[in-house]
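A.B. asks: This is what each chain is made of:
There are 2 protein chains.
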Amino acid sequence: MGHATNRVEDMASPNTGTATTRETIVEIHSVCLPPKKTTFQKLKKRFADVFFPDDPLERFRNQTWRNKVILGLQSLFPIFIWGSQYDLKLFRSDVVSGLTIASLAIPQGISYAKLANLPPIVGLYSSFVPPLIYSILGSSKHLAVGPVSIASLVMGSMLSESVSPTQDPILYLKLAFTSTFFAGLFQASLGLLRLGFLIDFLSKPTLVGFTAGAAVIVSLQQLKGLLGIVHFTGKMQFIPVMSSVFSNRSEWSWETIVMGLGFLIILLTTRHISMRKPKLFWISAASPLASVVISTLLVFLIRNKTHAISFIGHLPKGLNPPSSNMLYFSGTHLALAIKTGIITGVLSLTEGIAVGRTFASLKNYQVNGNKEMMAIGFMNMIGSCTSCYVTTGSFSRSAVNYNAGAKTAVSNIVLASTVLVTLLFLMPLFHYTPNLILAAIILTAVIGLIDYQAAYKLYKVDKFDFFTCMCAFFGVLLVSVPLGLAIAVSVSVIKILLHVTRPNTLEFGNIHGTQIYQSLKRYREASRIHGFLILAVESPIYFVNSTYLQERILRWTREEETRVKENNGSTLKCIILDMTAVSSIDTSGIEALFELRRRLEKQSLQLVLVNPVGSVMEKLHKSKIIESLGLSGLYLTVGEAVADLSSTWKAHGQP
Amino acid sequence: MGHATNRVEDMASPNTGTATTRETIVEIHSVCLPPKKTTFQKLKKRFADVFFPDDPLERFRNQTWRNKVILGLQSLFPIFIWGSQYDLKLFRSDVVSGLTIASLAIPQGISYAKLANLPPIVGLYSSFVPPLIYSILGSSKHLAVGPVSIASLVMGSMLSESVSPTQDPILYLKLAFTSTFFAGLFQASLGLLRLGFLIDFLSKPTLVGFTAGAAVIVSLQQLKGLLGIVHFTGKMQFIPVMSSVFSNRSEWSWETIVMGLGFLIILLTTRHISMRKPKLFWISAASPLASVVISTLLVFLIRNKTHAISFIGHLPKGLNPPSSNMLYFSGTHLALAIKTGIITGVLSLTEGIAVGRTFASLKNYQVNGNKEMMAIGFMNMIGSCTSCYVTTGSFSRSAVNYNAGAKTAVSNIVLASTVLVTLLFLMPLFHYTPNLILAAIILTAVIGLIDYQAAYKLYKVDKFDFFTCMCAFFGVLLVSVPLGLAIAVSVSVIKILLHVTRPNTLEFGNIHGTQIYQSLKRYREASRIHGFLILAVESPIYFVNSTYLQERILRWTREEETRVKENNGSTLKCIILDMTAVSSIDTSGIEALFELRRRLEKQSLQLVLVNPVGSVMEKLHKSKIIESLGLSGLYLTVGEAVADLSSTWKAHGQP
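Protein sequences, first through last, are from chains C and X.
Heads up, the first sequence is in full-length UniProt numbering, so the first residue is 1 and it goes up one at a time.
Heads up, the second sequence is in full-length UniProt numbering, so the first residue is 1 and it goes up one at a time.
Keep in mind that the hints were calculated from the coordinates and are not lab data.
Do not take every clue at face value.
When chains are identical, the list treats them as one kind, so a pair holds in a single copy or across two.
SDA-like, lysine to any residue: derived pairs with alpha carbons at most 20 angstroms apart [to be verified]:
id : residue 1 : residue 2
1  : Lys-317   : Thr-422
2  : Lys-460   : Glu-591
3  : Lys-44    : Lys-495
4  : Lys-495   : Asp-200
5  : Lys-45    : Leu-297
6  : Lys-317   : Leu-33
7  : Lys-407   : Leu-137
8  : Lys-521   : Thr-580
9  : Lys-36    : Arg-46
10 : Lys-89    : Val-493
11 : Lys-37    : Asp-49
12 : Lys-521   : Trp-556
13 : Lys-36    : Asp-49
14 : Lys-619   : Gln-167
15 : Lys-622   : Phe-466
16 : Lys-521   : Ala-290
17 : Lys-305   : Leu-185
18 : Lys-68    : Leu-185
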């Protein structure tokens, strides 16, 4: 099959009757095998593709030893990249943004810890150590680190299913730290083993649905604080929570409801203002702390008049106590701790990476996924030894950080310093902080997580993605948090498999006067060519679809023969398979091609393959199918196949 | 973007320096949207593609009512298709082949029942009712129906893990019939719900490995019978079986070993002869029965001299007793029965369908997968009520049936009649049949299942398929039968996902003097075009790869810019993405394209999409990305894109 130039007349005369006789010179190109590679080389390339798609060693090439050491340090500790150019102007910006996020982080920290059924102080501990560690290891400039609502909720719901946080608070705390340790270990391992791509399996539709479902659950949980209910269900699902709300109507306290609703309206209004005008970000950033101060004062003033409003109570002063002695690696609850760790780890990682990438993209810098995973992972591992629970980059606080003008990770150091001062001196001030204000703060934060616009867009563009989103939403709401997530991931994976199991096949025709072959259904200009049936397969050919494709192609052939007979057209002689979109093939696929050729041959039909991609060509070659197809069984383009075969038939005196 | 004809000079001047200035008329074609369809229409088409790819109602169109009824009956009971044309000549062939397979089926039935830890008589029952039912419902002409080794082994190993067949034989028998019922129910449901494609997930490499592994296990189990060991492990894995063989060396009986080896050699030799010369099929077909007769006689003659050789003992005379009262649908073992039913159901279905297709393809007739599933399913459901355990089409007996000249399913009726006679009159003759001969028959049958040639071919053509095969083999041999199967299926599915997660991207160049664009690495004739970077993505763009592809394309761009700088070439201006092989896209993929365009724009680079397929084009349109790409952002072919953009640049006075 070398080069050959054929003069072909009337090569593209479609049977619409409008064909004109022309002369065209068509050069026939042979189909090349890809450059030869050993199995080891292929494995190496595949390995690099899977684990090192960013080519992390690229920057180290052609560098002196000294530079290599500096680059190595910089890649381990991004602080070395920006640290040397740090100046007073940057510092001023970072102090402003750091203080702003601190005013948000302190009330949120206390609230989210309650969401995870943990003592409020743990929320503050978790806003002190992790930001410090992230500022050294992290590569995002805008990520504001601390506890987040989703991970807190998931940890709370999963752990409290087995251990009661009120009856056995020490064991519960131990489990929380142990889960945090495993979350960190899992995150750091994903980064170290460069398996970060696994979090891509949580697709955006899954996350939109899951987050919205979790936000609804969290909001419903806040009814406890906002209505002043004392006896509340420990369950998370929609139905038990609602029945718990209404069966305990006697416990509703009007003082709590009035005050709670008042502050909720203030918080929602300030949030709305800041969303409308991003420049006024400080209004929504300051309002939680302001609400905490005002509500605490109010409760303090009326403390002798009513006992209907519950408040936090005593909080210990002082820095994070060490907690490495509270981790445990044996016992009945170890499996639960590992499971909780992995799920909260994946979720917090996904949030952290997504937030980091969002703001990096806005300011046009790179956030390396695998490195971020290690940073977040180490942060949680160290956190678990210093009384912190799972932390990551929070979307709402990072947005405030960005809008407040944060320039580097120093804003996280400022945040940590402010929390430090609070822990050392200000804890007694929170004694009379009412629980209702924490509920209102959480509610305001999580309402923003229900992204109905994104869901609507999914509905418009891709119904299946919308379906995945709904599976995640209702799965979380009605079944359980981990199962809802599992259902949504399975649905997304099944979609991929279904696409391969039942691939599209298209019938192609020639666009008159060109060498372009396109779908007959889609392009009206395209028309069939006498004697040929041109089919394009739009998927790899694998064991899951090889039988289907074989049957489908035979059915196309039967249908075409019927059509030809009805129209008294010239007989079908050749099936051309355009393999351009067949990106891969396995042994079952090759066998199906063999079988297809055999069955077509029995009907005196020729099978021709066009433009197989490199890896497919290689396997076709190895399995000797190309020899069996014969000299005129493989072409580079459909046009060349049509031209060459037509001229051969003409030479043999066939019509 | 209507039609436009541009006169472009020097449009394809590769930077190799060999370019010649030419004049080419390039017509620009617009990219069409596919014909508009509502969501319902799309769902309907998708539904038909998944569940009715064979268009089963096609034959009913344009028929009279009377014909429709006849066609309907024929499609439910294939016996109506061939029944009316049946004649004496066909009958003669069927009697010969039916008697031949009966001589094989009787000893094998008894042996396989022992493999499933069931009373030998159940094997004969299972060779009587199921062939009768299959002859009415089945569409294969050559399938010989009865118990098979793999399904027997799997049922035996799964059930005996929970219930001992020696200590609680009644419960064990009940479980076996219940599993058979569920196997049939599952098989029939797959067919009725047209979910038959699910068995395609058991790929050929998986089956080759699994079958070989199971065959090794079965062979090792036969050491019990061949060595005359009395106390044998109930486990199936390699290590416990081997240790059981050698720790019970005191029980080895030399009489059994000598006689067993003698018959084994005879059986293997006759098998070898028949494989060499298919015409002598009757030698291997007759030898098991002959061996049974001779060995029974021998044992009968020496019955007073030695007791070292164990034999079957008393077998009840008479037809299949009803067993519907032995099915049970509640209780602790129900889950086990369902699980065993599903796994044996899938395995026996896969074997039956594969065998049916193999012989149908040799004689060029069609076997409809879904209909076969219903036939096999009903056969097992009825079987479970008439004291039969799981049956399907056996490969070895079907091959004998084919070689013996079977013409229709009547050979199965002849087989059943012969078994009937045996059951009614000949059972006492099997009293002294030694267990060692059953072991030798099983061993001879399963050795043929180890298809090392297929494994070697997998190794040559597709290393990954070979890996899957080995996973199945060692999984079955060392872990357990269902887990080994699960591991192999997971590995094959992960391969599909991995291919999508890390798709290939290729850099394209122009083959000089043509409109063909092909991989630069593969085609030496192809060369780059000034100012363009042409990339082809070889996979759907989904959530699992959208981030990767975005980063990968940006890396291609960086590398190309470095290359251009080093060679002092003209600056890069445009990235062309050839979407021909992107067979599908989801919302994450679309967002990645948006983000890619945004980031390229920041580097003053244009993004152009070429030839998106119908469904992709539709989603691009709905998400408004096409508007955002601008007028010159979408072309039908790479050639047109290059030509049009070059001429635009020239018109604007750019180099």
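A.B. asks: If a hint holds in the structure, say so; if it doesn't, say that too.
C.D. replies: Going down the list of hints, with the structure as the test:
no.	hint	verdict
1	Lys-317 / Thr-422	within (9 angstroms within a copy, 91 angstroms between copies)
2	Lys-460 / Glu-591	between (41 angstroms within a copy, 14 angstroms between copies)
3	Lys-44 / Lys-495	between (30 angstroms within a copy, 16 angstroms between copies)
4	Lys-495 / Asp-200	both (15 angstroms within a copy, 16 angstroms between copies)
5	Lys-45 / Leu-297	neither (65 angstroms within a copy, 65 angstroms between copies)
6	Lys-317 / Leu-33	neither (72 angstroms within a copy, 67 angstroms between copies)
7	Lys-407 / Leu-137	within (16 angstroms within a copy, 76 angstroms between copies)
8	Lys-521 / Thr-580	both (19 angstroms within a copy, 16 angstroms between copies)
9	Lys-36 / Arg-46	within (15 angstroms within a copy, 40 angstroms between copies)
10	Lys-89 / Val-493	neither (49 angstroms within a copy, 54 angstroms between copies)
11	Lys-37 / Asp-49	within (16 angstroms within a copy, 38 angstroms between copies)
12	Lys-521 / Trp-556	within (14 angstroms within a copy, 35 angstroms between copies)
13	Lys-36 / Asp-49	within (18 angstroms within a copy, 38 angstroms between copies)
14	Lys-619 / Gln-167	neither (64 angstroms within a copy, 54 angstroms between copies)
15	Lys-622 / Phe-466	between (43 angstroms within a copy, 14 angstroms between copies)
16	Lys-521 / Ala-290	neither (64 angstroms within a copy, 64 angstroms between copies)
17	Lys-305 / Leu-185	neither (50 angstroms within a copy, 71 angstroms between copies)
18	Lys-68 / Leu-185	neither (28 angstroms within a copy, 66 angstroms between copies)
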